[in-house]
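Line by line, the protein sequences are chains A and B. Just add 39 to wherever you are in the first sequence, counting from 1, and you've got this note's numbering. Just add 1 to wherever you are in the second sequence, counting from 1, and you've got this note's numbering.
Don't take each hint at face value.
[Said to hold, decoys possible] No more than 25 Å apart at the CA atoms, straight line, and that leaves these computed lysine to any residue pairs for SDA-like:
#	chain 1	residue 1	chain 2	residue 2
1	B	Lys58	A	Glu103
2	B	Lys58	A	Val52
3	B	Lys58	B	Gln45
4	A	Lys88	B	Arg64
5	B	Lys58	B	Leu89
6	B	Lys10	B	Arg64
7	B	Lys58	A	Glu105
Source of the hints: derived by calculation from the structure; they are not laboratory data. Just so it is clear, the structure is predicted and the values come from calculations on it, not from any experiment.
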Amino acid sequence: AQSVTQPDIHITVSEGASLELRCNYSYGATPYLFWYVQSPGQGLQLLLKYFSGDTLVQGIKGFEAEFKRSQSSFNLRKPSVHWSDAAEYFCAVGARNTDKLIFGTGTRLQVFP
Amino acid sequence: DSGVTQTPKHLITATGQRVTLRCSPRSGDLSVYWYQQSLDQGLQFLIQYYNGEERAKGNILERFSAQQFPDLHSELNLSSLELGDSALYFCASSQVSGANVLTFGAGSRLTVL
Numbered sequence: 040a041q042s043v044t045q046p047d048i049h050i051t052v053s054e055g056a057s058l059e060l061r062c063n064y065s066y067g068a069t070p071y072l073f074w075y076v077q078s079p080g081q082g083l084q085l086l087l088k089y090f091s092g093d094t095l096v097q098g099i100k101g102f103e104a105e106f107k108r109s110q111s112s113f114n115l116r117k118p119s120v121h122w123s124d125a126a127e128y129f130c131a132v133g134a135r136n137t138d139k140l141i142f143g144t145g146t147r148l149q150v151f152p
Numbered sequence: 002d003s004g005v006t007q008t009p010k011h012l013i014t015a016t017g018q019r020v021t022l023r024c025s026p027r028s029g030d031l032s033v034y035w036y037q038q039s040l041d042q043g044l045q046f047l048i049q050y051y052n053g054e055e056r057a058k059g060n061i062l063e064r065f066s067a068q069q070f071p072d073l074h075s076e077l078n079l080s081s082l083e084l085g086d087s088a089l090y091f092c093a094s095s096q097v098s099g100a101n102v103l104t105f106g107a108g109s110r111l112t113v114l
């Protein structure tokens, strides 16, 4: 069965620091992979997605993620965090033969000035 | 604004009651998904409709039901409500079935007292 693990429940960084949020997935084949962000009181916004091809994908707001098949990981990175990046981040996996997404439990990012 | 409209934004009701949550998908999207977000369960997939037909079912309770109408809007009906049903209910839509790229609404927050 598909599953997604986000090992970090809560991360705190200083503004301007680099960021890496971890995501590990379990799936028998190459899945579709996604990162969504949820700001307080808001819905989920798609940051980026990986379907195939180049394993380093660029997203909105300066985020990028790298698919590493050998590690079953899809970590999200940003070189310099802004205070407005404080939010909850969800990694999700989708199977190629279904439509639903399976989400991780989320990582709450706090940014200090 | 994501283009996915959910009403109501907030709803407070009592145990044993029934409520209906409404979702209008993004223009041109044929597929509608319902997710439940709670503190203890995270984001759980409930059900998906594609062009009026049920396409996939997740962890949806028997007390819950949904449908998609000819104009493609969808309703999620929650009955015999329990305290544990208090959650944020998200609707998402996608253009085609199998694309996995979901656009989320802002959610309907249900509080059961």
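Results for each hint:
1. Restraint check: the Cα-Cα separation between Lys58(B) and Glu103(A) comes to about 32 Å, which exceeds 25 Å; the hinted pair is violated.
2. Distance hint between Lys58(B) and Val52(A) is unfulfilled; the C-alpha atoms sit about 38 Å from each other, more than 25 Å.
3. Distance hint between Lys58(B) and Gln45(B) is fulfilled; the C-alpha atoms sit about 11 Å from each other, no more than 25 Å.
4. Straight-line distance between C-alpha atoms of Lys88(A) and Arg64(B) comes to about 34 Å, which puts the hinted pair past the 25 Å bound.
5. A C-alpha spacing of about 18 Å is found between Lys58(B) and Leu89(B), which places the hinted pair at or below 25 Å, so the restraint holds.
6. Proximity of Lys10(B) to Arg64(B) is assessed by CA-CA distance (about 21 Å); at most 25 Å being required, the pair is judged to hold.
7. Annotation: proposed proximity of Lys58(B) to Glu105(A) is violated, straight-line Cα distance about 30 Å (limit 25 Å).
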